[in-house]
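In order, the protein sequences belong to chains A and B.
Residues are numbered in my numbering as their position in the first sequence, beginning at 1, plus a constant of 25.
Residues are numbered in my numbering as their position in the second sequence, beginning at 1, plus a constant of 2.
The hints are simulated quantities; they were obtained by calculation from the structure and are not laboratory data.
You can trust all of the hints, since none of them are fake.
Calculated from the model, a selection of chain A residues having no Cβ within reach of chain B, i.e. all distances over 10 Å: (1) P75; (2) A117; (3) R136.
What follows is a set of in silico ranges between Cβ atoms, one per label pair, in the way DEER data are often shown: (4) A/E130 x B/E115: 48 to 58 Å; (5) A/D55 x B/V192: 35 to 45 Å; (6) B/L60 x A/I108: 40 to 50 Å; (7) A/E115 x B/R75: 46 to 56 Å; (8) B/R75 x A/D88: 22 to 32 Å; (9) A/E132 x B/N168: 52 to 62 Å.
Derived DSS-like pairs (lysine-lysine); straight-line CA-CA distance at most 27 Å: (10) A/K81 x B/K49; (11) B/K49 x A/K46; (12) A/K85 x B/K29; (13) A/K33 x B/K49; (14) A/K79 x B/K49; (15) A/K124 x A/K142; (16) A/K124 x A/K81; (17) B/K49 x A/K85; (18) B/K207 x B/K180; (19) B/K200 x B/K158; (20) B/K12 x B/K207; (21) A/K66 x B/K49; (22) A/K66 x B/K59; (23) B/K200 x B/K180; (24) A/K85 x A/K46; (25) A/K142 x A/K129; (26) B/K29 x A/K46.
Because the structure is a prediction, the values reported are computed rather than measured.
Here a beta-carbon is modelled for each residue, glycine too, at the ideal position from N, C-alpha and C.
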Amino acid sequence: MVKQKTEKTFGASVRAWREEKEIGLRRFADLVGMSPTYLSKIERDEFPPPGEEKIKSIAKALDRDADELLALAGRVASDLEEIIQQTPREMATFLRAAKGLDPKELEDLTRQIERKKKQSK
Amino acid sequence: MTKLVPFLTKDYIETEAAGLLSSYGEKFGSITRPPIPADEILNTYLKVHLDFDDLPKLLRTDKDVFGATWLQRRQVIIDESLDPTEHPEMIGRYNFTVGHETGHWQLHRIYFEKNPNQELLFAVDEPPAVICRTSQAKERIEWQADFFSSCFLIPKLMIAEWCRLNYGFDQISLIEIKARFPTRRYGASVSDDFLIEKFVKPIAKDFAVSAIAMRIRLEYLGLVVRELESRLVGL
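Here chain B stands alone, though its shape is the one from the complex:
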């Protein structure tokens, strides 16, 4: 599947995600605070049917399938184990999966439509054009959808302003985070990732994403830095 899609730069994907949020804002009103209503955007703005079902059973496949996209019938199905009303603890994963499928819709639909063998994707039993499993996470197409989801759910400008206004930082280092969460409180073997995730957890809650997704995004944007020197490099 990766062969069908070209290399896309991170800037391109970031711009695509911001563009979608901006277009949605023009029609339904700007989103001025988190969380981003990802499913509402997919369902009402992009006019893609959003459904919940037992995906492994539906696709007669492995158990690690969380989302699937059917291009021709404009449908995204999310595995019902992620339904955030029935399983509120899954809200982060649910939003990330919706963002991921939205990424496929926005970034990759065109390449499947252009593909001369596209009819193979829409056989009689209509297999979904894109099935997302955790084990596929490293494929280029999946990486791009993941990165889109991250940009879409945690918009660059919104998160920078949110951290400044609500958490009092423009950039924070691991040393400062360690000062707030002394390692000895969690045992000597505690990882840096764990401490950063502990720190970003309330911010992740505001954006309805997982602490891992928030840590990755804040580090990518340079709002959280591992080394103090990184600040100088960034200047």
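Chain A extracted, bound-state conformation:
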């Protein structure tokens, strides 16, 4: 899918959040274990987003949700892939059924699932 120009890219989002937290490029690169040149090019979307583990480190350093950042990078976390693989048919059906719910409704549903799991323990 070609991203719309108005959509914020992975790199631009990381830059905006990093600058909002007032962390310099080199200090941030050091925090997440990257070279400043590499990070600079990622933030300008000259390079594609890094691997999942690096994205998780970036999310942690920025106090952001890793899944949100992975989604911006056009990926899903590897543990989600595994979950789907375990019961592919049911999970696919469940996700299709949940499609269209707004974030609040999804949160309510998640709580219901968590309650159900607790009761069945």
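Here the structure of chain A is known, so what remains is to put chain B in place on it, guided by the hints.
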């Protein structure tokens, strides 16, 4: 480009650099010891985007370009050959270049903004307002940015105190330096500059600048003097 900027006294530039450090200190906490976090100040306090790239390729120009400033998009790009994480030996040059571009930002931005032909600086392909090459080093605008960088990275009061507390001198002469580094150890043709740089090297390391930059600064401030008589002149 020099025509756009007026003559600025050394005292004025020194005050501007000290003022920036002081304002940064008010917001993020005073910098009480070296090195000065030059890139952090430019990026987080002055809110200028700092990037690394292959500048000669980006600008389709000579190979001796180390820094460039884009005023309109608030961006400074440093040549990636100076990235101190990938090339730790370049830390001095990197800091000096960041200090230099910060100097352009602080001292010269206003003159470019005032310039009635400013749109020429921000053409469609957005050439940077200030490109810094080694060959331009003598132009007034470049000299001012260099001097700013020196004052910014090696603050007057901090260096005087640092030399006194950590290296045991308020002022040192070339004769005393020669006594510590006998010329015969390096051969008869060794220059005074070389010996002074040898002496100031650990201090330069503390401030993350080159030995040349430290020698020039210490001599300018009179902390290192060539002749013993200079002490009397300075009194």
